[in-house]
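**Q** In order, the protein sequences belong to chains A and B.
Under our numbering, the residue at position 375 of the first sequence is numbered 375, and the numbers go up by one with no gaps.
Under our numbering, the residue at position 227 of the second sequence is numbered 606, and the numbers go up by one with no gaps.
No lab work stands behind these hints, which were simulated from the structure alone.
Incorrect hints may appear among the rest.
Said to hold, decoys possible - Derived DSS-like pairs: lysine-lysine, alpha-carbon spacing no greater than 30 Å straight-line:
1) B:LYS583 to B:LYS597
2) A:LYS141 to B:LYS583
3) A:LYS140 to B:LYS522
4) B:LYS597 to B:LYS454
5) B:LYS583 to B:LYS772
6) B:LYS858 to B:LYS772
7) A:LYS164 to A:LYS140
8) B:LYS772 to B:LYS745
9) A:LYS246 to B:LYS454
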Amino acid sequence: MSYLEYSVKSTPTGLRKILYMNWPLTLLLISVASVGFLMLYSVAGGSFRPWAEPQIKRFAVGLAVMTFVAMVPIWFWRNMAVVAYSVSLLLLVMVELFGAIGMGAQRWIDLGFMRLQPSELMKITLVMLLAAYYDWLPGKKTSRPLWVLIPVLIILVPTGLVLKQPDLGTAILLLAAGGGLMFLAGVHWSYFAAVIAAGVGLITAVFKSRGTEWQLLKDYQFRRIDTFLDPSSDPLGAGYHITQSKIALGSGGWSGRGFMQGTQSRLNFLPEKHTDFIFTTLAEEFGFVGGFSLLSLYALIIVFCIVTALATRDRFSSLVTMGIAINFFLFFAVNMSMVMGLAPVVGVPLPMVSYGGSAMLVLMVAFGLVQSAHIHRPR
Amino acid sequence: MRRSQRELDKVHRTLTRRTLVLGGLQAAFVGGLAMRMRYMQVEQADQFRLLAEENRINIRLLPPTRGEIFDRNGKIVAENIPSYRIVIVREDAGDVEQVISNLQRLIPLDPEELERARAEMRRSPPFLPVTLADQISWEDISKVAVNAPALPGITPEVGLTRVYPNGTDFAHVVGYVGPVSDYDLSQIQDPEPVLRIPRFQIGKVGLEARQEELLRGKAGAKRVEVNATGRVMRELDRREGQPGADLQLTIDTDLQAYVQARLGNESAAAVVVDCDTGDLRAIVSAPSFDPNLFVRGISVADYRALTEDPYRPLANKAVQGTYPPGSTFKMITAMAALEAGLLGPDETVYCPGYLEVAGRKFHCWKRGGHGHVDLENSLKQSCDVYYYDVALKVGIDKITAMAQEFGLGVRHDIPMSAVATGLTPDRAWKSRVHKQDWLIGDTANASIGQGYMLASPLQLAVMSARIATGRRVEPRLVKSVDGVEQPSGGGEDLALNSANLRKLRRAMYAVSNDRRGTAYRSRILTDEFRMAGKTGTSQVRNITAAERAAGVIRNEDLPWERRDHALFVCYAPFDNPKYAVSVVVEHGGGGSAAAAPIARDIILQALYGGFPPLEAYPSEDRSRVSAQQERLQRELRPKIKPDDKDRA
Chain A
1 MSYLEYSVKS TPTGLRKILY MNWPLTLLLI SVASVGFLML YSVAGGSFRP WAEPQIKRFA
61 VGLAVMTFVA MVPIWFWRNM AVVAYSVSLL LLVMVELFGA IGMGAQRWID LGFMRLQPSE
121 LMKITLVMLL AAYYDWLPGK KTSRPLWVLI PVLIILVPTG LVLKQPDLGT AILLLAAGGG
181 LMFLAGVHWS YFAAVIAAGV GLITAVFKSR GTEWQLLKDY QFRRIDTFLD PSSDPLGAGY
241 HITQSKIALG SGGWSGRGFM QGTQSRLNFL PEKHTDFIFT TLAEEFGFVG GFSLLSLYAL
301 IIVFCIVTAL ATRDRFSSLV TMGIAINFFL FFAVNMSMVM GLAPVVGVPL PMVSYGGSAM
361 LVLMVAFGLV QSAHIHRPR
Chain B
380 MRRSQRELDK VHRTLTRRTL VLGGLQAAFV GGLAMRMRYM QVEQADQFRL LAEENRINIR
440 LLPPTRGEIF DRNGKIVAEN IPSYRIVIVR EDAGDVEQVI SNLQRLIPLD PEELERARAE
500 MRRSPPFLPV TLADQISWED ISKVAVNAPA LPGITPEVGL TRVYPNGTDF AHVVGYVGPV
560 SDYDLSQIQD PEPVLRIPRF QIGKVGLEAR QEELLRGKAG AKRVEVNATG RVMRELDRRE
620 GQPGADLQLT IDTDLQAYVQ ARLGNESAAA VVVDCDTGDL RAIVSAPSFD PNLFVRGISV
680 ADYRALTEDP YRPLANKAVQ GTYPPGSTFK MITAMAALEA GLLGPDETVY CPGYLEVAGR
740 KFHCWKRGGH GHVDLENSLK QSCDVYYYDV ALKVGIDKIT AMAQEFGLGV RHDIPMSAVA
800 TGLTPDRAWK SRVHKQDWLI GDTANASIGQ GYMLASPLQL AVMSARIATG RRVEPRLVKS
860 VDGVEQPSGG GEDLALNSAN LRKLRRAMYA VSNDRRGTAY RSRILTDEFR MAGKTGTSQV
920 RNITAAERAA GVIRNEDLPW ERRDHALFVC YAPFDNPKYA VSVVVEHGGG GSAAAAPIAR
980 DIILQALYGG FPPLEAYPSE DRSRVSAQQE RLQRELRPKI KPDDKDRA
């Protein structure tokens, strides 16, 4: 259904749009971000510097950006999809050519006032483009090979670039989110069955390739997998992160060791405690109660996104909302699996909680789209 | 593009259905995460909590202060004094090499030690102190303290180290301590963790080693919280250790010093036993060594000098050395015969200068023989034939039993290293060790303390004390532990016929008071301090028949190591025994000439509690003794420090 068919007159206009925002979702986002402020305050040893204060400022900017995006009608964003995707792709290529080196990988472009990670941007624009594509594509063509090949290319080109940075975590996220969107759009089951079969084959090939000339992953990526499979094999080396993370999480117990009383984080046994491993600090200091509460908040955000997606008759809105929900889900699911020792350490931050500017801003833009879809839904 | 409502509915239904499928999958995953979280945080929480505590909490041992050792009058024998070392903390020092070179301009640094420190600094985190120099003098420490601004990160630290202020006097008694070696650790089952502290000192030999458990005390511990790099964040709690027990010895420092000086450069040993309590008033082996050298770590040259000295300064001859007791054993043979009722009151033996036993001539030391001798005369003149004769009548079994009654062939368990058991041979021993039958000649040899018979100076002193008192005197080295008096070694009665004992003592009295006694020249003139004794001269070589025919070679004409050992045992005062003394001078020649004067001087020194008046000595000896006293007084003076009196 195209936006021309909407009963445009029934959608709110002007500042009244604010009243029609998805307020429960907004409050959930604020709650999650507040958990983040609390934890950043804690890991800094009871100080707003160096993490909590900038994070609060960024979140305030993020809220403004979200509101701004929400005000703009969703059909405008639909029309912008191709442009947004192209810009993201261009930035990815630029990172490849001029990007700064951070943490052993080329990931961001220094814009002067902030460091932009094009791969973050790509997570959203990829979803937008795929949603727009399936909004445009007639339903009966969805499963035809040629029309399947196009979205596959749309997904694989940025994934390949991100993988080259190298950033395995983001690449997997892009792949999973794109695949999820294609699944939602109604692409036939058999394609997914084939891809999963091929994936299993590829993983086998990757492991077989180890130590040969055509090795498919870098050594450090193999080592991460090794230490994931058996963290105790190298407890003071690469396995240290996982081991210490599990100790911190487990030692939290039912109700935790108390705010700012987490010994593992306070005494620096936890690595990256303000970014990728911040959930561990939460679980250590507030225990199962704290960890489960945050997990519930995340689940509620997903639920509200699904409700928004199902409530609208606009196909682009549904797909974009669901795509963003998938992205968001993958973020926290991968991060939590990682700190609980269920997944290898791939460097995926905890959304809205981990310290970091561009990831949060991009997420707020994404939720702006969800809000816009909600405000401008056909009535 | 217009689409049919039907198609739109179909597409929308697909989207809804798949959204719900995906939502279901997500819900399942979230559920899985929650389960995992519950499993780790509820079921495995205790285990992880333990691991977190292990991460966080470090236990640091607090080494206990070693117990000090005092003499019977409270004078210090082994003490702990502050020792200074210089440590550097890398993170405070900034430019480490600059600081080290600044330090080097102030005080000398051992390049080897410096290299080791640099290696340690490379290994350890920047906040851990690394020792640059150990055992620094107070002057050097002051220099470092004054120049502190030029030496960032450098701090002087105070520890305790063991010092033996009496130097050589107590080397054999107290021994010395040293840092725990890998060998030490391998010898101890399940060693205490405190032993693994670098440079921790434990007793290596002597009392320090034998009473290690008492002296060491119990280590305390503090629990500290550390961060991931090992930096101590705060102290959580602290359990004070228990300092080692202070030991008080039975030894009298002044007497010990005197005996050491009196033995001088001889290879000799002397033991003074208190007859009432068994207290060892002095127990000396000469020559000695400075135990402080070993505490600091002895140099190879010094150590070689000690091990290659033919007088064996490292050997503790007083308890570890065993010698044929020679004629000092004759009291045992006599006592065995008396107790067996074989010596009537007027029983005499004719001594023609030898006794033929089983076709072999056993000679008396006096070529012409002593003629008719009774018990008193035989002991006084040390007639050998008398004892051959008596021993053959009594038999070796009774002699051996009597020897053990008097503490020979029995290990007196005093806390010193390598306390010897000696040897009182009998039939069973010979067939076990030599796979030979006991011969009648063996009994003859044993009767005069030759042959297989071996005794240590400690055992000989105990023997004298038991003869003097008739009680089973046991030697005691430790008087009290942390002020708690240890059981006395007075001992119960030996259950011997007192008339027999009196006879024996009478004979011993004659040895040093009768004009014809072998120790008459070493008599004591003071009436209330009269001495009873017995000389001994034990051969370390065989005298061949040819040599005997040509005349036995005099000791002075033999090389040192083939000369006879000189022995003397005695006690005094005769009628109220206070001290028993034994002296052995290795290869000293005759007992009456080499050992008896030393023993006499020692027992007088003990009885008078200082240098005795010259009137105690026979008039012909006084000028020699006076010169000797002056010399010894000069030697001893620097050892008696003015503040010793205050400490006591």
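**Q** Each hint: holds or not?
**A** Results for each hint:
A threshold of 30 Å between alpha carbons decides the hint, and for B:LYS583 with B:LYS597 the separation of about 18 Å falls inside it, so the pair holds. Between A:LYS141 and B:LYS583, the direct Cα distance comes to roughly 93 Å. Violation of the 30 Å bound is thereby established for this hinted pair. A threshold of 30 Å between alpha carbons decides the hint, and for A:LYS140 with B:LYS522 the separation of about 94 Å lies outside it, so the pair is violated. For a cut-off of 30 Å, the pair hint linking B:LYS597 to B:LYS454 stands: about 25 Å separates their Cα positions.
Restraint check for B:LYS583 and B:LYS772: not satisfied, since their Cα atoms lie roughly 48 Å apart, outside the 30 Å limit. The suggested pairing of B:LYS858 with B:LYS772 is violated, with an alpha-carbon distance near 43 Å, which exceeds 30 Å. Between A:LYS164 and A:LYS140, the direct Cα distance comes to roughly 36 Å. Violation of the 30 Å bound is thereby established for this hinted pair. The hinted pair formed by B:LYS772 and B:LYS745 meets the criterion: a straight-line CA distance of about 22 Å does not exceed 30 Å.
With a C-alpha separation of about 61 Å, the suggested pairing of A:LYS246 with B:LYS454 is violated against the 30 Å cut-off.
In this structure, the earlier hints numbered 2, 3, 5, 6, 7, 9 are contradicted, and the remaining ones agree with it.
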